[in-house]
Amino acid sequence: MTTVSDRLSRLASIREWIPAALAAVGVWLRRTGTVAQILTLVALVGVFAIGTKGKYLSPANIQTILSLAAIPAILAIGLHLTVVLGGIDLSVQGVASLVAIFVGLLMKNQYNSNDVGLWIIPISLGIGGVAGVINGVLNTRLRIPSFIATLGMSWVLYGMAVYINRAVNIQILDERIFKAINGMVFGIPNIAILAVIVAIIMQFIQDRTQFGRYLYAIGGDEAVAQQGGVKVEKIKIIVFTIAGIIYGLGAALLACRLGVATSRMGNGLLFPTITAVAVGGVALTGGLGGAKNAALGALIVTSLNDGMVLMHVNPYAQQAVNGVVLIAAVALTLDRKKLGFVK
Amino acid sequence: MNDTSSRASQEPVLALRQITKEFPGVVALDRVDLTIGRNELLGLVGENGAGKSVLMKIMIGLIQPDGGTIKLHGEQITLKNSSDAIRSGIGMVFQEGSLVPNLSVMENLFLCNEAGFRKLGILSLRSMRAAARELLAQIKLHIDVDLPVAEIGPAERQMVEIARLLWLSKLYGHDNPVLIMDEPTTVLADKERETLFSILQDIRNRASIVLISHRLQEIVENCSRIVVLKDGKNVTEMPASESRLLKIEQLMVGHSFSADRFHEDEQRTRGEKEILRVENLGKAGWFQPLSFTVGEGEIVGLIGLVGSGKEEVCKCLAGLERADSGSISLDGKKLPSGSPSGAVRAGIGHIPIDRRSEGLALMMNVADNVNLLVLNRLKAGGLLSPVRERKNAHHWVSECQIKTPSIATLCANLSGGNQQKTVISKWLSSRVRLLILDHPTRGVDVGAKDEIYKLMRRLAKEGIGMLVMCDTLEEDIGLANRMLIMKDGRLVEEIDSSPKKKPDPKDIISLIV
Amino acid sequence: MVAVKNGDQQEARKRLTHRRQIPPVYITVALLVVVGLLFYAGNQNFLTPYNLNTIISFSAILLMVALGQMCTILVGGIDLSVGGLVSFISVAFILLLKPIGYLAYPVCIVAGVLAGYINGIILTRIKIPSFIATLGTGGILTSLAYLVSPRPVNLSPDLYGLVDIVNGSLFKVSNVLVVGLAVLILFYVVLRFTSTGRNIFYIGSNIKMSWMSGINIVKTRNIAFMLSGLGAALVGITISSVRFGGDPVVGTAYVLSSIAAVVVGGTALTGGTGGVINTVFGSVFMSMLDNGMTVVGIDQYLQQAILGVMVIIGVTLTFDREKTPIVK
Numbered sequence: 000m001t002t003v004s005d006r007l008s009r010l011a012s013i014r015e016w017i018p019a020a021l022a023a024v025g026v027w028l029r030r031t032g033t034v035a036q037i038l039t040l041v042a043l044v045g046v047f048a049i050g051t052k053g054k055y056l057s058p059a060n061i062q063t064i065l066s067l068a069a070i071p072a073i074l075a076i077g078l079h080l081t082v083v084l085g086g087i088d089l090s091v092q093g094v095a096s097l098v099a100i101f102v103g104l105l106m107k108n109q110y111n112s113n114d115v116g117l118w119i120i121p122i123s124l125g126i127g128g129v130a131g132v133i134n135g136v137l138n139t140r141l142r143i144p145s146f147i148a149t150l151g152m153s154w155v156l157y158g159m160a161v162y163i164n165r166a167v168n169i170q171i172l173d174e175r176i177f178k179a180i181n182g183m184v185f186g187i188p189n190i191a192i193l194a195v196i197v198a199i200i201m202q203f204i205q206d207r208t209q210f211g212r213y214l215y216a217i218g219g220d221e222a223v224a225q226q227g228g229v230k231v232e233k234i235k236i237i238v239f240t241i242a243g244i245i246y247g248l249g250a251a252l253l254a255c256r257l258g259v260a261t262s263r264m265g266n267g268l269l270f271p272t273i274t275a276v277a278v279g280g281v282a283l284t285g286g287l288g289g290a291k292n293a294a295l296g297a298l299i300v301t302s303l304n305d306g307m308v309l310m311h312v313n314p315y316a317q318q319a320v321n322g323v324v325l326i327a328a329v330a331l332t333l334d335r336k337k338l339g340f341v342k
Numbered sequence: 000m001n002d003t004s005s006r007a008s009q010e011p012v013l014a015l016r017q018i019t020k021e022f023p024g025v026v027a028l029d030r031v032d033l034t035i036g037r038n039e040l041l042g043l044v045g046e047n048g049a050g051k052s053v054l055m056k057i058m059i060g061l062i063q064p065d066g067g068t069i070k071l072h073g074e075q076i077t078l079k080n081s082s083d084a085i086r087s088g089i090g091m092v093f094q095e096g097s098l099v100p101n102l103s104v105m106e107n108l109f110l111c112n113e114a115g116f117r118k119l120g121i122l123s124l125r126s127m128r129a130a131a132r133e134l135l136a137q138i139k140l141h142i143d144v145d146l147p148v149a150e151i152g153p154a155e156r157q158m159v160e161i162a163r164l165l166w167l168s169k170l171y172g173h174d175n176p177v178l179i180m181d182e183p184t185t186v187l188a189d190k191e192r193e194t195l196f197s198i199l200q201d202i203r204n205r206a207s208i209v210l211i212s213h214r215l216q217e218i219v220e221n222c223s224r225i226v227v228l229k230d231g232k233n234v235t236e237m238p239a240s241e242s243r244l245l246k247i248e249q250l251m252v253g254h255s256f257s258a259d260r261f262h263e264d265e266q267r268t269r270g271e272k273e274i275l276r277v278e279n280l281g282k283a284g285w286f287q288p289l290s291f292t293v294g295e296g297e298i299v300g301l302i303g304l305v306g307s308g309k310e311e312v313c314k315c316l317a318g319l320e321r322a323d324s325g326s327i328s329l330d331g332k333k334l335p336s337g338s339p340s341g342a343v344r345a346g347i348g349h350i351p352i353d354r355r356s357e358g359l360a361l362m363m364n365v366a367d368n369v370n371l372l373v374l375n376r377l378k379a380g381g382l383l384s385p386v387r388e389r390k391n392a393h394h395w396v397s398e399c400q401i402k403t404p405s406i407a408t409l410c411a412n413l414s415g416g417n418q419q420k421t422v423i424s425k426w427l428s429s430r431v432r433l434l435i436l437d438h439p440t441r442g443v444d445v446g447a448k449d450e451i452y453k454l455m456r457r458l459a460k461e462g463i464g465m466l467v468m469c470d471t472l473e474e475d476i477g478l479a480n481r482m483l484i485m486k487d488g489r490l491v492e493e494i495d496s497s498p499k500k501k502p503d504p505k506d507i508i509s510l511i512v
Numbered sequence: 000m001v002a003v004k005n006g007d008q009q010e011a012r013k014r015l016t017h018r019r020q021i022p023p024v025y026i027t028v029a030l031l032v033v034v035g036l037l038f039y040a041g042n043q044n045f046l047t048p049y050n051l052n053t054i055i056s057f058s059a060i061l062l063m064v065a066l067g068q069m070c071t072i073l074v075g076g077i078d079l080s081v082g083g084l085v086s087f088i089s090v091a092f093i094l095l096l097k098p099i100g101y102l103a104y105p106v107c108i109v110a111g112v113l114a115g116y117i118n119g120i121i122l123t124r125i126k127i128p129s130f131i132a133t134l135g136t137g138g139i140l141t142s143l144a145y146l147v148s149p150r151p152v153n154l155s156p157d158l159y160g161l162v163d164i165v166n167g168s169l170f171k172v173s174n175v176l177v178v179g180l181a182v183l184i185l186f187y188v189v190l191r192f193t194s195t196g197r198n199i200f201y202i203g204s205n206i207k208m209s210w211m212s213g214i215n216i217v218k219t220r221n222i223a224f225m226l227s228g229l230g231a232a233l234v235g236i237t238i239s240s241v242r243f244g245g246d247p248v249v250g251t252a253y254v255l256s257s258i259a260a261v262v263v264g265g266t267a268l269t270g271g272t273g274g275v276i277n278t279v280f281g282s283v284f285m286s287m288l289d290n291g292m293t294v295v296g297i298d299q300y301l302q303q304a305i306l307g308v309m310v311i312i313g314v315t316l317t318f319d320r321e322k323t324p325i326v327k
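Residue numbers (numbering that gives the first Met the number 0), protein chains in the order written: chain A, 0 to 342; chain B, 0 to 512; chain C, 0 to 327.
The set of hints was computed from the structure by calculation and includes no laboratory data. Any given hint might turn out to be false.
Said to hold, decoys possible - Cβ-Cβ distance ranges computed for the label pairs, FRET-style:
no.	chain 1	residue 1	chain 2	residue 2	range
1	C	Arg191	A	Thr208	52 to 58 angstroms
2	A	Thr208	C	Val188	56 to 62 angstroms
3	C	Gly167	A	Glu232	56 to 62 angstroms
4	B	Thr268	C	Val217	52 to 58 angstroms
5	A	Val323	C	Val217	21 to 27 angstroms
6	B	Arg321	A	Val323	52 to 58 angstroms
7	A	Ala327	C	Val109	24 to 30 angstroms
8	C	Arg191	B	Asp32	55 to 61 angstroms
9	C	Ile312	B	Ser328	52 to 58 angstroms
10	A	Met310	C	Pro156	38 to 44 angstroms
11	A	Arg142	C	Pro98	50 to 56 angstroms
12	A	Glu232	B	Ala114	17 to 23 angstroms
13	A	Ser112	C	Gly167	21 to 27 angstroms
14	B	Glu461	C	Val109	48 to 54 angstroms
For every residue, glycine included, the Cβ atom is placed at its ideal position computed from N, Cα and C.
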């Protein structure tokens, strides 16, 4: 009997070796800020540069990557705030769809005589913000776990978008904005510059304001933070609101860039955004990671997908790869000490 | 302004008078008085359940007293929450630590109070760093203030907390804050302990300190005055110079001793067979290698103060923790380490201290809880048989006299004593050989307590071995055949406790402290 | 603490707080009746035998995936990959009928169970929270569905006989209902009469106690996710049979509706309480809601919003706040 149980316990320890190894990698990843991400990016670029015989590094491709990564980066900066807090925000698709419709209907289009021009920006921010406030209230006052509250909201908002829009494609005919968004400065796409500015501002807020301290305190240990005097409920609502506002910005930019507004615009946004957040090194357990992580993560994911396209990888396989990357990134950055029994 | 010679006649900094606090069914504090004078290091002692933590929580505003007054510098105050307490200059360093692990030392020091470092909404990290370093230098701590708190040791973490409290009270203009230290030395090594106490002596010039500790030695060595609490009441207070360890312990633990409360006439002598054999079981940081046995039908009491290692020993036996060395054998067969299912299969049962969160599935009914361990035995044709399930449940409900309207009642709706009996039935149903009982009568009314004692006697008669940790020394002595005394992680003594030859609690106390 | 005055007082207070919970099933049934009558008032066609048959057929299909979802929710997780799995199986099944005939049934069922097992492993061994893990695997499965068949694929008429299992009828009752009933009985038996099924409830109710009592947490949770995979696979097979074709988008709606059916039926997201009967009523209610809104003429596009609201309300009412002092 002893030999069998000995063998079994040795087997058990091998099976535990996997989470133990992952945990060790996780500790290293969490410590080193963005080093791992930059290394990954360099490695990716290297692999694809060789694989595409240099086409990957052409100025045109680099511009493509930067312009494609900008909006996911902005959305990821919004979403990562809720993850740092220790929760999550799954409502980005719903918010994007609703904002898209408003963008379509309020800017110059072929159906009505609206032409709000640049006013669309504050309007979009407002819509996103209201959605965010509701998310925050659902989470703090009604004590609904953030993943279900935001998931439900996403469905609600999407439903509203489809109701207003009735699955019609609205052409956005505003020339100035279209040119502005798709334009470039010294060869760098405008929206990429905008994304960098947003990242810098957000990172600054996280590093150098009291609000930033509270954000990380709640993510680090909510009970202790509360005891120390942090107004947890208020901060949480603010965070969800900011996330919503940022989604509004990203959605408006996306709609204007595409030139077409549909209620389906939100579809498929959640996945790459969460992947960007995770790959960037923002731990799902909370308390770690900043805007620069989220933006870098978006850059890595976009570079990966762009490389796969250039190398003619089947588009549907690409999504599978993204799925694997998401799971791997989360697995590596989780702080297992915080987990207890995983739900 | 302050005449040190007349320190004794000065207004106490904090005076709690006639503090009373009741919880449903229990009186936690009964007209307790506590005064804290300027620049004094006060020691507060008492066993678990004596009311120390409730009193402290009242002092820092986490709980409101039902009666009594709190006076700060002679003026009555109410502390509605912990922020009020901090603003009044009263702060506590918790045992579990209240620092945010991912924030840096300086961020933790100034959390929520960074306004002083703020210019146009932006924090000046440079001035924060300088202020942090200066603050820590005052308590002779020189570490990198940018390190995340998770990366500094427990001793340094405590000092950071002390520094934070000192700084906060200065911020609110208190020149003699009250600092409460809750069991600070449990996580410290010897040298760190010395450092801590030298710092505390140093801080005495600018603060009053209340030290809560179960290590009476360090209380006597460091404090100027000692207050003893027992059963929610003041027992005594004495200047340290007059205190004897033994006297304190007696005051802490002594109860009136009533004989047949524990049905000693039913105590059986230990049987022939040995059920549990523990050999050189050790766990670094918790307890040193120890060995003992439990025989058939024997009740062994595991006795020691909080921190003696007894709880960890039981956790290792139940498979909840993994020991570093040694072995556990049940009926001659070695147990796998760190596996609750292994322990359960071998025949070890564990009645946890917290039955609501660890003992029962509250939202499921009595029958489901009783049958949890023996589902495989209640099958007919490969599937669970409702008939057998009901039979088993009914059997144990009557065996253990669980008072419930029906076996389909949710466990959440039973009284504490009946919940405890349900937990016991669950294990009995699975034919345990050794039962570990962790404070089995805590939170149980007198009638149910008696029933549980009788149940234990019956189980002993049937040959089941038991390892028990009780709420009071009397309970331990009364129930046990034999007692294992633990102190500071070592098994120091084995004492016989046969009926008619029961040891005196006073003798035991001297061993555990 | 001092001599317990009346130790039962504390418990009595706790007893009262639990008594306020009316078994959620009653609420669902009441909702069913009330909303049903409302729909009838809106449009008499609602209660025609034809329409009722439609509702019941939809309920049977939804029930299969909802029961699996319920298992994962009971063990404290969630399965967001059911949509992708239904889509994938729906196309895989149709494509497999040609080369391997009836073998397509067991192959697809095994594939579903395997997918569930992988979901379980990611949770239990790699310790990734199920909502992220299944989000990931759901994405992978959806992309696999597109990989296998980017466009809807139709079953060639000479193979129609192969799907008679679902399309036929037994004593004038459509086989869809028979299959649904069989799955219902299977889940009921597993959850009520097997150790693993009971363990699912124990884990959902108190995972710490279950671990301390020696219950195999890993195995039980894996099985719960495997059951979810089974349910989704069966739905994929059934839908493809009914429509005589597979479609990579067919599954997406089932994520929301399966969760809604479970939650509205009264099973708490916190796990532990709930059961098969709850989910039956939940599925019927969701199908009735879906059908009724269309019959009465509520804008199709508003329906999804309403479903979202229902989920939020359902969760709010059933969430056990005592279990979770800190809500993330």
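Review point. Can you name, in rising order, the numbers of the hints this structure does not satisfy?
Key: 4, 6, 13
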